[in-house]
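**Student:** Chain by chain, the residues run as shown.
2 protein chains.
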Amino acid sequence: MPSTSALPPPDPSARARVVVANISPSIDGGQSRVKRVRGDRLAVQVDLLLDGHDKVAGLVSYRQGTTGAFGEVALVSLGQDRFGAEIALTTVGVLQFTVAAWVDEFATWAWGFDRKLDAGQEVTVELLQGIALVTAAARRASGTDGEALGNYTRLLSVEAPLADRARIARDPALALLMQRWPDRTAESRSAIFEIEVDPPLAQFSSWYEFFPRSTGRDGRHGTFADAETRLPYVADMGFDVVYLPPIHPIGASHRKGPNNTLQAGPEDPGSPWAIGAAQGGHKAVNPALGTLEDFRRFVARAQELGIAVAIDIAFQASPDHPYVREHPEWFVRRPDGSIQYAENPPKKYQDVYPFDFAGEGWQSLWQELASVFFFWIEQGVRVFRVDNPHTKPLPFWRWCLRQVKDRHPDVIFLSEAFTRPKLMYGLAKAGFSQSYTYFTWRTSKRELEAYLTEITRPPISDHFRPNLWPNTPDILPEHLQIGTRATFAARLILAGTLSSSYGIYGPPFELMEQTPRPGSEEYIDNEKFQIRSWDLDRANSLRPIIKRLNRIRRENPALQSNESLVFHPVDNELLIAYSKSTVDGSNLVLTVVNLDAHHRQTGYIDLDLAAVGMVADESFQAHDLISDARYLLRGGRIFVELDPNVMPAHVFRLRRRARTEHTFEYYL
Amino acid sequence: MPSTSALPPPDPSARARVVVANISPSIDGGQSRVKRVRGDRLAVQVDLLLDGHDKVAGLVSYRQGTTGAFGEVALVSLGQDRFGAEIALTTVGVLQFTVAAWVDEFATWAWGFDRKLDAGQEVTVELLQGIALVTAAARRASGTDGEALGNYTRLLSVEAPLADRARIARDPALALLMQRWPDRTAESRSAIFEIEVDPPLAQFSSWYEFFPRSTGRDGRHGTFADAETRLPYVADMGFDVVYLPPIHPIGASHRKGPNNTLQAGPEDPGSPWAIGAAQGGHKAVNPALGTLEDFRRFVARAQELGIAVAIDIAFQASPDHPYVREHPEWFVRRPDGSIQYAENPPKKYQDVYPFDFAGEGWQSLWQELASVFFFWIEQGVRVFRVDNPHTKPLPFWRWCLRQVKDRHPDVIFLSEAFTRPKLMYGLAKAGFSQSYTYFTWRTSKRELEAYLTEITRPPISDHFRPNLWPNTPDILPEHLQIGTRATFAARLILAGTLSSSYGIYGPPFELMEQTPRPGSEEYIDNEKFQIRSWDLDRANSLRPIIKRLNRIRRENPALQSNESLVFHPVDNELLIAYSKSTVDGSNLVLTVVNLDAHHRQTGYIDLDLAAVGMVADESFQAHDLISDARYLLRGGRIFVELDPNVMPAHVFRLRRRARTEHTFEYYL
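Residue numbers (our numbering), protein chains in the order written: chain H, 47 to 714; chain B, 47 to 714.
To be clear, the hints were calculated from the coordinates, so they are not data collected in a lab. Incorrect hints may appear among the rest.
Covered stretches of chain H, as calculated for chain B (at least 3 residues, CB under 8 Å) [stated by the list, open to error]:
id, segment
1, 63 to 75
2, 162 to 168
3, 385 to 395
4, 409 to 418
5, 430 to 442
6, 468 to 475
Nothing here was measured: the structure is a model prediction, and the numbers come from that model. In this text, a Cβ means the ideal position worked out from N, Cα and C, and glycines have one as well.
Please construct the entire structure, taking both the sequences and the accompanying hints into account.
**Tutor:** Below you can see the structure in the form of structure tokens.
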């Protein structure tokens, strides 16, 4: 048995009585950055645990960036030992915060003093205890506060009736001063947590992908100059991000022919993902598209139209990439001396060499790959779609994306990972701003509700921002292959109303291309391997619906974030209904989609009134922003009928009726 | 824009490709110790995230204690990037574990090699890749494994038909050897996590509290010797922990009289919680109870009967405690020079001085208080009930309990905290082995189901072990004040079957004392302030039911832990039904309680068959372990009828019927 003196003394830090725990928002205890956008209000919450009935006080210290002085905002009690504070996120970049808390000696004293006064007890000694606290605060305080506290000390100490001095001791102005000058010598402090504050585009974006090489006249290889002429078409539909497949020189070795055949003809342009040739690699442009200057002009023209240009970064090399010759240490060498090509055994992709991210040359490789982003940032690019990030190490992305974000916090990265759920989330935690999702294959009400609920709520939504795509150059899902016009319209509206970010691969989407390469989930005559010409003016183009949808998205802030997404029960499995609303409730959008592409469906929605901030029996107007029809409704049970041959969806703006003092009714 | 060379190189640790995440069990990312008992199997789970389709391997390293060598157990895939391993907990004390993971190069190679072989591809180069991996492993390996791997290298390298060599390369024995000698140079490793392995009594315990001073003959002050004579009574009822209120000298200053009156008469014994007098403090015994040697004999006698003695540690002092004179720096001094007594304004407790846990003398105070535990451990005590721990700082408990557990891991601490939920859980995280609960006031089916579900599932159950008390010397809840015999029996059976640990304060409980001090939730003529004599042989004593319940608990391992607790729907709000079972399903207990103390209630239970491991339409025997009645049942819908005037509960052991090869039916 150790004697008392044999026990080690507790660490001095143990003297701080408050336990600071369970801070939100945070990811894995602060190991990754929580994502928000400029304009958000960050709601920090924390448990402050203090023994007994003493009062606790605390604050959130925060700063823009990772150096410099901290600002402070007081924590207020939310009940049950939970405390909260809000921080307005006004600047793009990292925001750091930490929580500090201490025993509020004056509040504790005041609480007991009041109760004793109420019970008519003698409080002479208690008053002296209060004076001692004020005297100590006066010593800590500076400026006019110090003077004011000194005055209180004197006022409380003079000869005067106890009742008068007690009244002074409980002066609300004194309580405020004491709050401002607490004794924080034994405060508890949390670790530092980080928030990545992105530009609003990271959360609310409408993407349009197209191949610039298919914009040439008369079937010729399109150039950046040709692609510029496509931009007004895209802008008119209301998109704000144009995304181009890789724009680099394309390798000739093992070049793929049309429909992914192994032998390319002399005129075949090859796959843009076979990156690198004699003309250069990841920091060069394919001469068939033009020059770097042409590209910069394309970016500038897009910018004039309110469109950001996203380019595709695919970290892999064709056998003709200059890296292969200059940096053999960045590739895996096979026992026969050749370089290891990409494989998914037994499939071989001999036109593509993967990098060896953990090989001998890993550090210089990582530095070079990060510099690729810096090169394109220099050319005006701020949005990157990253190809297959799940085939590169997570620690690489964590390092690389931080290198970029630390210097260019306005940059946005879209992760093109269609892989296992935890790996997709792992990439988001590593720093990707947005991610592709399984939406592409989720078609039933049950699937959509479960999946969208998962990805739009914390903890997932704190790091993972969904970007919903009905199609991509790689994926023509089965339901589009066999679908009707209503299928395309429904998938478009689902994507654009379920998620604040969505995208389509056009023109195949708006032209409702649906023929696959036989037996596959890919388009026939895919632009990945050949140049296509599209008749954009085809009469049945979905362009008007897309334009309407994007306008609705711009005009309704409820659709510009995902946290408020709520699904409402409908008594028909083929009808799905959900709402989104702004924090203040001023904008409330209810979407209803008929998932049956062939038949008219009817049903009753049971609107979750509490979730949308309405009261039972309230009357309101439902304004269909697609058809412009208006309905006057009352209560939460809403009848709907949707004929897919007309339009498979309603996108209602719900307007509450209000009664003014003059009994004049209007819609808010 | 930084040039490539301007970017800092990544930290060497970033080369490890596997991300190790989401380790369970763990509390707050490993900040507190997870609790288990000796005999448990610890199921460790972890996400291992690796880019692409490469194969991952990993293990859990663990050791008893915090020094010495680590043992290892391989992680196996559970699907969806989750991996698991089990560790048998054979030793009381801290167990440390950490997770290591790496890319399994050989498994990755073998997977691709098999697929290429299956596709009939030429694999000469691939075989060379495999040989290189085996050669490298042979260099790493020692002993016979090294020789064996060397042999494989030679066998694979000789001139022989490719097919023969391919067959050797895929020899399962080689795969096993390669698993044993992986390349771990770029492995990822988690932080160290800790498990507190307690003695089984920490999880499964039946407590009986009594006042030794009420065991004297003819109303005299009872002694430890008198209390010894009470032990067979307690042992016969089947309890395994006897808990005594504080046994220290009782202060005379401001001593309380009967029923908590402010003036004590000369013969009044005072409250045992007013600790300390001229005869000593926390390391002395009240002379009226006997000597330290008498106490040790009491402990030894209890031990002979299979009973552990728990004493109450209340860290507070009467004004007469030697600490007050010897260590004035351990108390708060008021401005008038007096010592601050305990308060709950406007209430004053002038017979008790709280310690100043964060004052100038805090470190020596903490050391002294910790030494109190060591003193009583020296006297043979291994179980401590700690009074009002929520009025002392959490960091104190974290430090103090670790001092004890690090030296005496078999010690158990029960937290007597009836306070806010997060503070109760905070105390459990700080190291208390068991805790009082809100069960004392939870009476409706809805309350009981919600609360017991919360406290018997992770994350709460990983640190918080409930101990359910129908009554305490401080609490005679209203439902007992107005209840019938059925109320007492029902509360007893609920406590002892809902939770693996429970306790009663006797004899008032078994004698169904129910008269409160008027207007209060306390017993009239409370033993806290006076000596009582009890007629243990009263005809209506609950003793036979208690004895039966404790026997059922001992004989049914299902009732000795809480993780398997499942509530089953009953179509009557006054009937509650729940089951517990062992991991292997061999012991399955279904309890049904009538919560109505006055009326016969009937209803149908809808047994959750999946939760109890039974199939639909299975027939089984329900054996009521209280009444010994047996029922043959089939399927999950069970009719029950309970008359509170007979017995308010069934405790069924469910036995599944099995059919042998000889078509002879019996019950497992």
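**Student:** Now look at each hint and say whether the structure bears it out.
**Tutor:** Hint-by-hint comparison with the structure:
no. : hint       : result
1   : 63 to 75   : holds (count 6)
2   : 162 to 168 : holds (count 4)
3   : 385 to 395 : holds (count 4)
4   : 409 to 418 : holds (count 7)
5   : 430 to 442 : holds (count 7)
6   : 468 to 475 : holds (count 3)
Every hint, counting from the list given before, is met by this structure.
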